[in-house]
Amino acid sequence: MKRKYLTFVRIVHTGIANFFRNASLAVAAMAVMVVTLTIVLFSVDTSATLNHTIAQFADKINISIYLNDNVAAAQRNALMQSLRCLPQVKGVSYVSKDQALATYKAANASNKNLLVAINETGNPLPASIEVDPVDPSKIDQIQQILDLPATKTLEDPQAGTSYSGNRKQAIDSIARAASILKRVGVAAVIIFAAVSMLIIFNTIQMAIFNRRDEITIMRLLGASTSFIRGPFVVESILYGVISALVSVGILDVLFVVASNALQASSLGLLDISYASSYFYNHFFLLLTLQLATGIVIGAVSSTIATRRYLKFKIK
Amino acid sequence: MILLDRVTKTYNKHLGAALDRVSLHVEANEFVIVVGQSGAGKTTLMRLLTREERPTSGKIIIGGIDYDKLKDRDIPLLRRKIGVVFQDFKLLPNKTVFENVAFALEIVGVSRREIQHTIPKVLDIVNLTGKEKRMPMELSGGERQRVAIARAIARQPKILIADEPTGNLDPKHAWDIIRVLEKVNKYGTTVLLTTHNQEIVNTLKRRVVTMHHGRIASDRANAQYEAVSEEKEGGKE
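Residue numbers (the numbering used here), protein chains in the order written: chain C, 2 to 316; chain A, 41 to 277.
What the hints contain is simulated information worked out from the structure, not anything from laboratory work.
All of these numbers come straight from a predicted model, not from anything done at the bench.
Where is the CB? At the ideal position from N, CA and C, for every residue including glycine.
Take these hints with a grain of salt, some might be off.
Said to hold, decoys possible - A short, non-exhaustive set of chain A residues, derived as facing chain C with CB atoms under 8 Å:
| hint | residue |
| --- | --- |
| 1 | Thr90 |
| 2 | Arg119 |
| 3 | Glu146 |
What the hints assert, rightly or not - Here's a subset of chain A near chain C, in silico, CB distances under 10 Å, partners left out:
| hint | residue |
| --- | --- |
| 4 | Arg91 |
| 5 | Glu93 |
| 6 | Arg94 |
| 7 | Arg113 |
| 8 | Ile115 |
| 9 | Lys121 |
| 10 | Lys130 |
| 11 | Leu131 |
| 12 | Pro133 |
| 13 | Asn134 |
| 14 | Val148 |
| 15 | Ser151 |
| 16 | Arg191 |
| 17 | Arg195 |
Model the full structure from these sequences, guided by the hints.
Here you go:
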């Protein structure tokens, strides 16, 4: 037990010493790893932000059923009751003709001519039932009730039903863009992870090549595989840890620059202020994720790289 | 201690066997000199013992370890039991004398304190006291070889294999090495030495195993160097 501990300490010690000895090679390996990890971090943050944006939009979607002026309160309540019972429905509310008019007037307060015209014609706006769905993309049950002939007779023949058509389309296109972005992000992460693994792989192989005599001697003196491999793995894990810290630092700087210098709150679809707050609110989780990714990339690639050189080549 | 039973090693079928049915038995604490021309099979024999190579056929048992049953991952354990000294020293060039010897002990998980305690003793045996901090480059060939011996004996192996340890050295330094080997042997280590230095063989008067074309041509106690072939002996490899 004590021996194992001692050996472990020696392996770590040698690994750290080799890290500094190999500084020039290490910088190249870490540069690629920083790019990889920054992409990982950026993808995670972007995807969280886009999900948030979509959720925000989705919240604003509702279905309006415009009623004709002849609908009695009892009929209206019966319809609302049947809608309320659906699991797809979050809430149902009634907007009377007067309320609709007030809202319309408030929205068009600056357009004097329009207001005058509205006042002269009496109230042309229909009353409506507002249905707030749980998930705007799943409204088939609501649709069924709306399609019933009994419901149709209550509807205003001109206005009918609105699924907030334009808004829904916008949300669908955002969701589609987000899912494409996510896929691009995943692909980028995989590609860069593979590239950085290959480069670390190469770096370690070069380090091994430089020290092949040493390894031969170690082998002849009876050094175990883990004793020889250990320092290389420690060295690569160090690449991972440092690169993870740098990548987190890069995003931190980016957010500071974005919020201070540019005064920008969003970049196209990307809500930067949310991305930034997500980053700082989940800072330690993201840091852990980065460290874990860096360590795994380092450990896996160096283990594979040393494998070939550490086989016993007995003729 | 060392047992070889009809060991054959063929590298290339067309070239014939490098070792041909070699049987050898070495007792504990023996000092055995293996002589023979270049290509007689001395180095192959040594490499088989350290498991750098595998015999084509035949059985090898060293210190109770049957090589047929030895798994690759247990090779390090075997090598820790055998001290090996090479003609080209094989020291780590960027480590000091002390560190080179310490390295062999670190591999097997010896504590720092134990290392501090052991190294002065082994450096004393090889007469290198006071040169702990030198780098291998700053030492003479003989001194380097003594560092290698110190490294090999630091772990107190039961067997010390020295393959042409004097091959690169002038006569005076060669004798330093031989004296150290005798000392190691006196402390209870079985020594297997290969050489083609006639003077050393004749002066030591030990068991001499003469190899010729991969076979053991003779195996005599208190023997003198004998030329087995028609060619003149004594050339350096």
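Here is what the structure says about each hint:
{"no.": "1", "hint": "Thr90", "in the structure": "7 Å, holds"}
{"no.": "2", "hint": "Arg119", "in the structure": "3 Å, holds"}
{"no.": "3", "hint": "Glu146", "in the structure": "6 Å, holds"}
{"no.": "4", "hint": "Arg91", "in the structure": "7 Å, holds"}
{"no.": "5", "hint": "Glu93", "in the structure": "5 Å, holds"}
{"no.": "6", "hint": "Arg94", "in the structure": "5 Å, holds"}
{"no.": "7", "hint": "Arg113", "in the structure": "7 Å, holds"}
{"no.": "8", "hint": "Ile115", "in the structure": "6 Å, holds"}
{"no.": "9", "hint": "Lys121", "in the structure": "8 Å, holds"}
{"no.": "10", "hint": "Lys130", "in the structure": "5 Å, holds"}
{"no.": "11", "hint": "Leu131", "in the structure": "8 Å, holds"}
{"no.": "12", "hint": "Pro133", "in the structure": "8 Å, holds"}
{"no.": "13", "hint": "Asn134", "in the structure": "9 Å, holds"}
{"no.": "14", "hint": "Val148", "in the structure": "7 Å, holds"}
{"no.": "15", "hint": "Ser151", "in the structure": "6 Å, holds"}
{"no.": "16", "hint": "Arg191", "in the structure": "7 Å, holds"}
{"no.": "17", "hint": "Arg195", "in the structure": "8 Å, holds"}
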